[in-house]
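Trainee: Spelled out, the chains give:
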Amino acid sequence: MQLRYVYSELGQGLRRNLSMHLAVILTLFVSLTLVGLGVLLNGQVKKAEDHFGSLLQITVFLCNDSATSPNCTGEVTQAQKDQIIKVVEDNPEVAGYHMESKQEAYDKAKELFSDEYLSRIDSFGPQSMRESVWIDLKDKDEYQGIKSAVQGLDGVSHVRDQRAVLEPLYNALDALTYGAIGIAVFLIVAALLLVANTIRLAAFARRREIGIMRLVGASSLYISLPFLLEALVTAAIGVALAIGALGLFMYFGVHEKIQQSVNFMPWIGMPEFLNAALWVAVLGPLLTLIPTLVLTRKYLKV
Amino acid sequence: MIRFEKVTKTYPGQARAALEQVSVDIEKGDFVFLVGASGSGKSTFLRLVLREYRPSQGKVYVAGKEINRLASWKVPRLRRQIGTVFQDFRLLQNKTVSENVGFALQVIGKNKSYVDEIVPETLELVGLEGKGDRFPDELSGGEQQRVAIARAFVNRPMILIADEPTGNLDPNTSVGIMKLLDRINRTGTTVLMATHDAGIVDQMRKRVIQLEDGRVVRDQSGGVYGHQN
Numbered sequence: 001m002q003l004r005y006v007y008s009e010l011g012q013g014l015r016r017n018l019s020m021h022l023a024v025i026l027t028l029f030v031s032l033t034l035v036g037l038g039v040l041l042n043g044q045v046k047k048a049e050d051h052f053g054s055l056l057q058i059t060v061f062l063c064n065d066s067a068t069s070p071n072c073t074g075e076v077t078q079a080q081k082d083q084i085i086k087v088v089e090d091n092p093e094v095a096g097y098h099m100e101s102k103q104e105a106y107d108k109a110k111e112l113f114s115d116e117y118l119s120r121i122d123s124f125g126p127q128s129m130r131e132s133v134w135i136d137l138k139d140k141d142e143y144q145g146i147k148s149a150v151q152g153l154d155g156v157s158h159v160r161d162q163r164a165v166l167e168p169l170y171n172a173l174d175a176l177t178y179g180a181i182g183i184a185v186f187l188i189v190a191a192l193l194l195v196a197n198t199i200r201l202a203a204f205a206r207r208r209e210i211g212i213m214r215l216v217g218a219s220s221l222y223i224s225l226p227f228l229l230e231a232l233v234t235a236a237i238g239v240a241l242a243i244g245a246l247g248l249f250m251y252f253g254v255h256e257k258i259q260q261s262v263n264f265m266p267w268i269g270m271p272e273f274l275n276a277a278l279w280v281a282v283l284g285p286l287l288t289l290i291p292t293l294v295l296t297r298k299y300l301k302v
Numbered sequence: 001m002i003r004f005e006k007v008t009k010t011y012p013g014q015a016r017a018a019l020e021q022v023s024v025d026i027e028k029g030d031f032v033f034l035v036g037a038s039g040s041g042k043s044t045f046l047r048l049v050l051r052e053y054r055p056s057q058g059k060v061y062v063a064g065k066e067i068n069r070l071a072s073w074k075v076p077r078l079r080r081q082i083g084t085v086f087q088d089f090r091l092l093q094n095k096t097v098s099e100n101v102g103f104a105l106q107v108i109g110k111n112k113s114y115v116d117e118i119v120p121e122t123l124e125l126v127g128l129e130g131k132g133d134r135f136p137d138e139l140s141g142g143e144q145q146r147v148a149i150a151r152a153f154v155n156r157p158m159i160l161i162a163d164e165p166t167g168n169l170d171p172n173t174s175v176g177i178m179k180l181l182d183r184i185n186r187t188g189t190t191v192l193m194a195t196h197d198a199g200i201v202d203q204m205r206k207r208v209i210q211l212e213d214g215r216v217v218r219d220q221s222g223g224v225y226g227h228q229n
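Protein sequence lines, in the order shown, are assigned to chains A and B.
Residue 260 in UniProt numbering sits at position 260 of the first sequence, and the numbers go up by one each step.
Residue 37 in UniProt numbering sits at position 37 of the second sequence, and the numbers go up by one each step.
Treat the hints loosely; a few may be bogus.
What the hints assert, rightly or not - DEER-style ranges, computed between Cβ atoms:
(1) A:Asn-197 with B:Arg-90: 23 to 33 Å
(2) B:Gln-93 with A:Ile-183: 17 to 27 Å
(3) B:Gly-141 with A:Arg-15: 27 to 37 Å
(4) A:Pro-271 with B:Glu-117: 30 to 40 Å
(5) B:Tyr-53 with A:Pro-271: 53 to 63 Å
(6) A:Arg-15 with B:Val-217: 22 to 32 Å
(7) B:Glu-5 with A:Leu-293: 49 to 59 Å
Note that these hints are calculated values from the structure, not bench results.
Every value quoted in this text rests on a predicted model; they were computed, and no experiment measured them.
Ideal placement from N, C-alpha and C gives every residue a C-beta, glycine not left out.
Assemble the whole structure, with the sequences as input and the hints as a guide.
Mentor: Here is the structure:
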């Protein structure tokens with residue numbers, strides 16, 4: 001297909017409606033950044049839950065060589081473990097559980113500390129960690145039964161329930177996530193309306209060309225291609241700006257600042273950023289292409 | 001080439017049919033005048049041929065295709081076989097004569113070298129050689145209509161539809177346009193022309209289909225504009 005016309009139209013269209021396109025780009029930029037922040041915050045919640053357990057989890061740490069708890073007589077035995085698991089499985093407050101090995105515990109701990117710090121304490125390795133049972137509760141307020149049932153068992157070092165401490169943190173993260181997504185939804189609606197208006201203006205400005213194209217038998221795709229490309233170009237710019245802003249936030253906000261000052265919990269990094277960038281990169285083009293497709297069908301019907 | 005079988009077209013929300021039980025058969029290479037007062041159904045007839053509308057009842061065949069059954073995505077292909085000319089020329093003012101004519105080829109995907117070759121040829125055919133670089137507003141009405149005809153004919157369509165092509169032109173210029181349409185007709189192109197211009201119809205002595213209130217009241221070869229006694 002000869003696309004000379006399409007490209008020249010694309011350039012003309014972008015210039016003709018420059019102010020509208022800028023409005024679309026800025027709205028997309030801000031809304032996509034907020035969506036990305038929401039995804040990042042959600043990633044942070046997941047990360048914290050992996051580390052400390054969620055509001056529905058309590059953790060039972062088992063004895064190791066160096067444990068000093070009165071229930072411990074050295075490393076937990078297989079018989080003791082079986083007994084603990086049986087108690088957990090039989091308890092009506094428990095929805096489910098999983099075991100965490102020493103190696104897994106070590107991997108998590110490593111995340112918090114720099115390699116440089118770890119290399120200074122050679123004795124720190126998987127062997128210094130404790131095995132644990134992560135218990136999922138059916139109801140976050142009903143935990144006393146299971147807690148007291150496992151607490152006195154042989155082989156149990158201690159039961160961790162940090163939920164009272166974690167709850168405000170999780171609530172704050174959730175509030176921020178919903179806040180970011182909530183504002184983003186309003187801005188997305190604004191972006192959709194702006195895209196729709198831009199297309200209406202462009203279709204009106206080009207109505208003679210479009211009329212002739214229909215008459216001489218140009219295909220619908222050919223007629224709507226300049227509109228679709230305009231939508232894609234604005235989306236690409238909006239997405240690039242949003243990903244840039246998220247990248248700056250990750251680098252200067254998380255990596256350079258929070259991570260340095262608050263190191264009792266693991267912080268989001270590259271994988272979470274890439275996930276957020278993927279959301280933004282998919283959502284941006286969808287937000288401009290969907291109204292464009294709907295409206296070009298309406299205005300440019302053959 | 002164009003066949004209407006008991007075609008009725010009623011627009012949504014209107015009680016009276018714009019066309020009623022119209023049956024017409026136009027052969028390849030025919031030159032047909034469509035005459036009748038305003039509101040008699042001429043435009044509806046042309047629009048049905050272009051598949052801008054579908055008939056409410058009956059069947060319309062164009063270039064061997066039954067247009068009622070033609071899928072929307074095939075409509076552009078049908079329209080490439082039909083050239084259309086209007087009373088108001090409908091040229092793009094920001095494009096030169098050559099660009100206006102070339103536009104029709106460009107937007108259906110013809111490559112540049114083909115366009116560059118065929119556009120000057122077509123301009124010569126319609127008597128506009130050497131005027132390819134002019135803009136429409138630098139041309140007379142008759143010349144602008146020739147550009148429009150060049151654009152309609154540049155893809156060598158099987159059918160040329162002209163809706164009042166001389167409506168905005170003086171009688172002398174109109175004669176020139178009619179000679180051009182006649183020449184195009186002689187290349188084998190079917191010409192279907194809606195007109196109010198009695199002088200032209202009487203002079204050309206071609207087939208005349210007369211519509212009145214949406215019905216065919218006369219279909220006569222070698223006819224004149226008004227009723228013959």
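Trainee: Hint by hint, which ones does the structure fall short of?
Mentor: Structure breaks hints 2, 4, 6 and 7.
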